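So you can see what is in the structure, the chains are spelled out below.
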Amino acid sequence: MATVREREVALADKEELISGSEAIAVACKLADVDVITAYPIRPYDTVMQYVAKLVANGEMDCEYIVAESEHSQFEIVKHASAVGARVFVGSSGVGWMYAFEALTVTPALRIPMVAMVGNRALDDPGAFGVEHNDALAVRDLGWMLVWVDTAQEALDVALLAWRIAEDRRVFLPCAIGCDGAFLTHSQSLVKIPAQEKVNEFLPRYNRGDLTLHPDNPITVAPQANEDWVMEIRKQNDAAMRRAPGVIREAYADLERIFGRRYGNPFFEEYETDDAEVVLFGMGTMSMPVKVAIRKMRKEGKKVGFVRLRWFRPFPTELIQATLSRFQAVGVVDRDYSFGSPYFSGVLANEVRTALYGAERRPPVVGFISGLGGREVTVPNVRGMTDMLFRAASGERLTDTYWIGLRE
Amino acid sequence: MDRSYAVEIVYRGIFQKTLAKHISRGLVLAAAKEGKTGISFGRYGDSPERNGIPAKNFAIIAPDEETLEESMSQYEPKRVDVTVSVDDTLCKGVESWAWYGLQPINRLLNPGGKLVVTSMLGFDDLFKMIHTKDVPYELAIVRGIPSFSGLWVYKDDHTDVRILGTIARLVPEMLSLKAVEAAILEEWKDELKMLSARKAYERVESVVVPPGEGNAETPYEFTLPGWKEMPEGVTIQSIQMGGAIVDPETGTLGGYRPAVNPYFKKFSTRTMRPVVDFDTCIKCTLCWLQCPDSCFDVTPDGLYDARMESCCGCGVCEAVCPVDNCVVMVNEAEFTDNASQWEMWKADKAGYKAWVAEKIQHRPERSHGFRLRGLYQEQIKAMAAVGITKSGEEKVGGEDTTEASAGGS
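Sequences listed follow chains A and B, in order.
Everything in the first sequence is counted per numbering that gives the first Met the number 0, starting at 0 for the first residue and increasing by one.
Everything in the second sequence is counted per numbering that gives the first Met the number 0, starting at 0 for the first residue and increasing by one.
Just so you know, these hints were derived from the structure itself, not from any lab.
Hints are not guaranteed to be accurate.
[Claimed, not checked] List of simulated lysine-lysine pairs, DSBU-like, C-alpha gap at most 35 Å: (1) A:Lys300 - B:Lys77; (2) B:Lys227 - B:Lys188; (3) A:Lys300 - A:Lys196; (4) B:Lys20 - A:Lys13; (5) B:Lys198 - B:Lys188; (6) A:Lys294 - B:Lys264; (7) B:Lys198 - A:Lys196; (8) B:Lys32 - A:Lys297.
[Claimed, not checked] Label pairs and their in silico Cβ distance ranges: (9) B:Gly225 - A:Arg359: 35 to 45 Å; (10) B:Gly100 - A:Trp401: 19 to 29 Å; (11) B:Glu201 - A:Ala9: 56 to 66 Å; (12) A:Lys233 - B:Glu185: 31 to 41 Å.
Predicted model, so just to flag it, every value in this text is computed and none were measured.
Beta carbons are placed, not taken as given, at the ideal position from N, Cα and C, and that holds for glycine.
Whole structure, please, built from the sequences with the hints as guidance.
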């Protein structure tokens with residue numbers, strides 16, 4: 000029998016210097032994923048390299064298949080998941096788009112596929128840097144979408160993603176947005192939870208009555224016409240509506256078992272308690288934004304930041320309750336939606352839509368910044384904040400403002 | 000330590016990718032041993048999977064997570080406390096995919112910062128390459144030939160830990176030797192590597208460089224256009240056609256010199272350059288045909304002149320040349336400009352012959368490049384001469400002063 004001390008050691012976190020991508024590969028190992036498919040594209044490929052290394056070193060046991068294209072890559076895991084395998088997959092930019100047909104069919108089949116999207120600008124021009132348009136392309140299709148901002152969060156959210164996606168009340172695919180370069184290629188110190196804790200947190204995937212197996216003869220994805228389709232879509236909608244409750248449960252268990260506290264699962268609030276204006280965004284832009292806020296706070300400017308984690312399901316009521324407290328909200332999109340209302344980014348219009356139903360509606364100023372991986376700098380953040388204070392004083396800033404653009 | 004420290008490691012693509020990663024990771028792991036935190040990353044735009052292309056890794060060490068955030072979500076720190084150049088020819092400046100223009104090796108250094116160069120050269124030779132700076136800094140040399148290896152093999156000659164030991168000596172407020180040693184033992188589980196770090200710590204050679212000391216050349220740079228000036232549709236103008244050149248001896252017009260990209264020159268990828276003996280050239284055209292960068296100008300007298308602004312030093316011309324010593328690769332550190340060899344030859348043929356005879360004495364360590372996969376054994380003698388390793392010829396069981404094994408044991 001293990002002594003108390005041995006047990007403490009076994010349950011202690013182990014610290015490793017790894018990138019966001021490597022953290023997700025470690026999560027694959029901890030989750031004992033059964034089938035992983037890969038096809039190289041930067042920056043996602045850093046995950047497949049690390050998974051390959053773990054497999055080659057005998058540290059991880061899984062079917063690791065390098066497919067001949069992203070389309071097959073996503074199809075293979077879709078089928079593997081249908082027979083009851085826990086799966087992991089991922090891509091970036093136009094690689095993700097090449098898989099698009101597979102991406103559209105997955106949610107309707109209620110496949111709890113977990114994918115890492117190493118966010119990358121869509122070609123052309125061929126560019127490696129981060130933009131969120133790749134992952135956002137599936138925003139209407141029934142995929143859950145979550146963005147992380149540190150390697151530690153990447154590891155935790157990967158474990159959460161299997162837990163949430165594989166919950167029978169949900170059974171939807173989940174994509175984890177990881178900003179190319181800043182997260183995928185930067186190594187920081189990450190606490191790796193003990194296997195025993197992960198086993199407690201993450202039950203085995205049980206597909207139950209939906210398992211494709213000779214002992215459970217079913218047909219998946221027959222042809223269906225107008226007399227069926229709407230009901231099928233409604234089932235997806237109902238699953239997505241159940242997801243927030245499951246997300247809350249999973250985060251509560253994560254906190255209980257791993258001792259790491261994320262608070263509100265859906266978004267992080269930074270210095271918002273007494274804030275007059277807030278910036279709103281996703282991913283690693285949180286770093287320069289927080290640094291800028293600390294500097295501006297020293298100058299007496301009451302600025303805060305809200306970093307959205309879960310884009311789908313979108314936390315509408317929580318966003319209403321939170322954002323309507325402020326005098327102005329600046330949404331920083333690392334994406335574009337050409338020709339959309341106000342010619343703004345995707346996130347700004349989601350926020351505007353959510354706030355329309357609120358009793359108190361602060362002005363929303365749309366910003367587009369950091370496209371193609373351009374750094375969002377502290378002076379950029381200061382510039383946006385100055386505009387927010389003008390909006391709070393009644394100036395109408397209804398255009399969408401490109402920040403950090405070379406004029 | 001009340002602020003964050005930034006270290007950049009400037010290295011050569013493929014040959015030193017693992018080395019650079021070892022150094023930046025080693026710094027963060029050592030910092031963690033002292034309760035600090037940090038990040039290790041490569042400059043994302045570099046694409047270091049190309050032979051010899053200058054690339055960078057960074058380590059940021061911070062006292063806490065909040066201070067560290069100031070350096071996160073960036074491609075490159077704006078200022079660094081230490082620049083490490085793991086190949087001395089990088090001291091001529093670097094141009095890469097992530098940079099427009101020629102970046103002096105000491106460009107990001109803070110006043111009083113440390114430039115650490117691995118080299119067999121002396122300080123004066125390095126100053127011929129390193130651009131001047133208007134603030135003082137410290138230059139340290141880590142004795143050794145550049146540690147080059149392949150993409151899939153790592154030449155574990157302890158350059159990585161010798162750099163770590165040197166940095167611990169130069170910037171003790173960032174890292175202690177004790178922390179470096181503890182990290183080495185944990186990461187590599189190799190006591191010999193730890194001893195190499197300690198010895199490097201004890202042996203640091205450095206000088207304070209006053210403002211204005213060094214290469215006075217103004218590095219070329221460019222201003223990027225705004226969105227309204229750029230052509231639409233992700234298009235760029237092609238390079239214009241080249242043309243004939245004038246023979247300085249006869250005044251005749253002939254031959255062909257292609258026009259070249261004025262914005263990306265490529266020569267900072269080079270660690271060695273071809274020296275051509277025009278007197279023995281048989282005009283077989285092979286160098287001109289095989290050069291992957293089309294960098295041979297055809298002269299009016301039918302010779303082939305390697306254009307040094309475009310040559311990346313791959314050595315194919317030397318390999319295909321059928322004449323002994325007609326094209327010879329020479330260590331890049333032996334040159335201070337990109338002048339045309341053909342024009343030198345035209346101006347003074349006897350002088351040129353003497354110049355060639357002298358230059359080709361300085362053939363570089365050929366651990367890399369065309370058809371060479373890493374002939375590390377051949378380098379041991381040179382390394383033993385400066386005490387980096389043993390020659391392998393001593394009798395077994397002798398006094399153990401080994402700092403590193405360069406693949407000999």
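Hints and how they fare:
1. A:Lys300 - B:Lys77: Status holds; Cα separation ~26 Å.
2. B:Lys227 - B:Lys188: With a Cα-Cα distance of about 56 Å, the restraint between Lys227 of chain B and Lys188 of chain B is violated, given a limit of 35 Å.
3. A:Lys300 - A:Lys196: violated (43 Å)
4. B:Lys20 - A:Lys13: holds (21 Å)
5. B:Lys198 - B:Lys188: holds (18 Å)
6. A:Lys294 - B:Lys264: With Cα atoms ~41 Å apart, Lys294 of chain A and Lys264 of chain B exceed 35 Å; violated.
7. B:Lys198 - A:Lys196: Since the Cα atoms of Lys198 of chain B and Lys196 of chain A sit roughly 43 Å apart, the hinted pair is violated (cutoff 35 Å).
8. B:Lys32 - A:Lys297: holds (32 Å)
9. B:Gly225 - A:Arg359: 35 to 45 Å: holds (40 Å)
10. B:Gly100 - A:Trp401: 19 to 29 Å: Check passed, 25 Å falls within 19 to 29 Å.
11. B:Glu201 - A:Ala9: 56 to 66 Å: Hint violated: Cβ distance 41 Å, outside 56 to 66 Å.
12. A:Lys233 - B:Glu185: 31 to 41 Å: Violated, at about 56 Å.
Taken one by one, the earlier hints fail for this structure at numbers 2, 3, 6, 7, 11, 12, listed in ascending order.
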